[in-house]
Structures are given as structure tokens and as C-alpha cells.
Amino acid sequence: GQSLEQPSEVTAVEGAIVQINCTYQTSGFYGLSWYQQHDGGAPTFLSYNALDGLEETGRFSSFLSRSDSYGYLLLQELQMKDSASYFCALSSNTGKLIFGQGTTLQVKP
Amino acid sequence: ETGVTQTPRHLVMGMTNKKSLKCEQHLGHNAMYWYKQSAKKPLELMFVYSLEERVENNSVPSRFSPECPNSSHLFLHLHTLQPEDSALYLCASSQDDRGLGKTQYFGPGTRLLVL
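Same order as they appear, the protein sequences are chains G and B. Quick note, the numbering used here runs 45 ahead of the 1-based positions in the first sequence. Quick note, the numbering used here runs 66 ahead of the 1-based positions in the second sequence.
Bear in mind the hints are in silico, worked out from the structure with no lab data behind them. Note that the structure is predicted; figures quoted are calculated from it, not measured. A portion of the hints provided could be inaccurate.
FRET-style restraints, in silico, Cβ to Cβ [as the list claims (entries may be wrong)]: (1) PRO52(G) <-> GLU150(B): 36 to 44 Å; (2) LEU96(G) <-> ASN83(B): 46 to 54 Å; (3) GLU50(G) <-> GLY80(B): 34 to 42 Å; (4) GLN161(B) <-> GLY85(G): 26 to 34 Å; (5) SER104(B) <-> LYS126(G): 46 to 54 Å.
For glycine and all other residues, C-beta sits at the position ideal for the given N, C-alpha and C.
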């Protein structure tokens, strides 16, 4: 089967750096995506990793290690507006996205 | 603006009612999805349409009936729902390239309450 694990909650202060980890299990791997969802809003795409290494997009970076079945989302210079839920999602050879349970990030002043 | 719209945004219905949720995508994508999101739970994939054909039905009860008349429109017909069906129903679209980087674009969702 396919499954993902990520922490349920993370708290950090404004201006800090936070890392949200995601481990996965799958028989056919194509890529790992990250989505952000603000309370009451729609999930929005943040990043996608198909190969090992770091992908950087502004304050957000995403890392993948296929040998470890592990990835993380790194958020730098945290802002209050970054308070949201963050989902990792697996693209596999079944042709669909499998979402993790989501990590609620709370940014405090 | 994500290019995916959903109506209505909020819906309250009784268990004996029949209603429909509508989704429209303006991105030229060829795949569309229905997800259910309950409080404190991950997104649950309900249905997938690729090139207007249903390719996935994740053991969804028959009281949920999808319809995809063309690649831009997707409906979810609801009848005799249960209170536990109350949730946020999200529509998404993507360009189906056989699993390579399937970035999905989500609509704002319909918040459904079944009384």
C-alpha cells in the first residue's frame, strides 16, 4: 500500500526557521509534493520533488531523499501568514495523489 | 485565483434532499477530482475523471454520484445523505501526464452540512 506520515502540529516564532518532515511508503514512486491550506481555504501547490535534493522557491524549500523515503518542507523567515496546514502528497504509479494527514503550523509573534 | 471554481460555497441540506455540487476549471486540464475533507482528517480522494472517463471510485457510497459532461465541468450529485457526510468537498484539476508531477489545482470547496 501507500502511506505518508507527518507530524500533526508544529509551533514556531515569527522570523524563525521550521522544518516539516514527511516519510512515505509506496511501491512505485514518482514524486513528493507539498501543499498549503489556510483555515477555510483550498489547498495550494507549493513544491514538487521527483529527484533527490533541495528545491528552493523563495522562503520555502523542499528536500527529498528517495533512498530514505523521506522529505521535508523548510520554511524560512517565518511570517504570521504562514500559519496554515501543510500536506505532503505522494505521486505514484497508480496515477493519483495520496495526501498525508497534514501538519498544522502555528506561528507566534 | 486558482482557475477552479465551485458552487455553491455553502450548502445545508436535509437527509431526504437531492442537491448537486458544481465544479468548473478554466485551466485546460484533462483530469478532474472530487475530494472529501472532514475536520482533522486528510483529504480523501472520492472520484477521478481523466479525459471525461471515470478512472477511480474509492469505495464511495452510491448516495454520491459524479458526472463529468466535458473536460471543464464536474458535478457531484447528492441524495439521501447522512449527517456524517458533512464535510468540505473539494474539486481539483490537473493535466494528466501519467503520474509525472501531477500538480493539482484546487477549487475553494463546498462546505456541506447535512441535518
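Hint check results:
PRO52(G) and GLU150(B) have their C-beta atoms about 27 Å apart, which leaves the hinted 36 to 44 Å range violated. For the pair LEU96(G) and ASN83(B), the supplied restraint of 46 to 54 Å holds, since their beta-carbon distance comes to about 49 Å. Between GLU50(G) and GLY80(B) the beta carbons are some 39 Å apart, a value that agrees with the proposed interval 34 to 42 Å. At about 27 Å, the CB distance of GLN161(B) to GLY85(G) agrees with the hint of 26 to 34 Å.
Between SER104(B) and LYS126(G) the C-beta distance comes to about 25 Å, which lies outside the given range of 46 to 54 Å.
In summary, the structure is inconsistent with hints 1 and 5 from the numbered list given earlier, while agreeing with the others.
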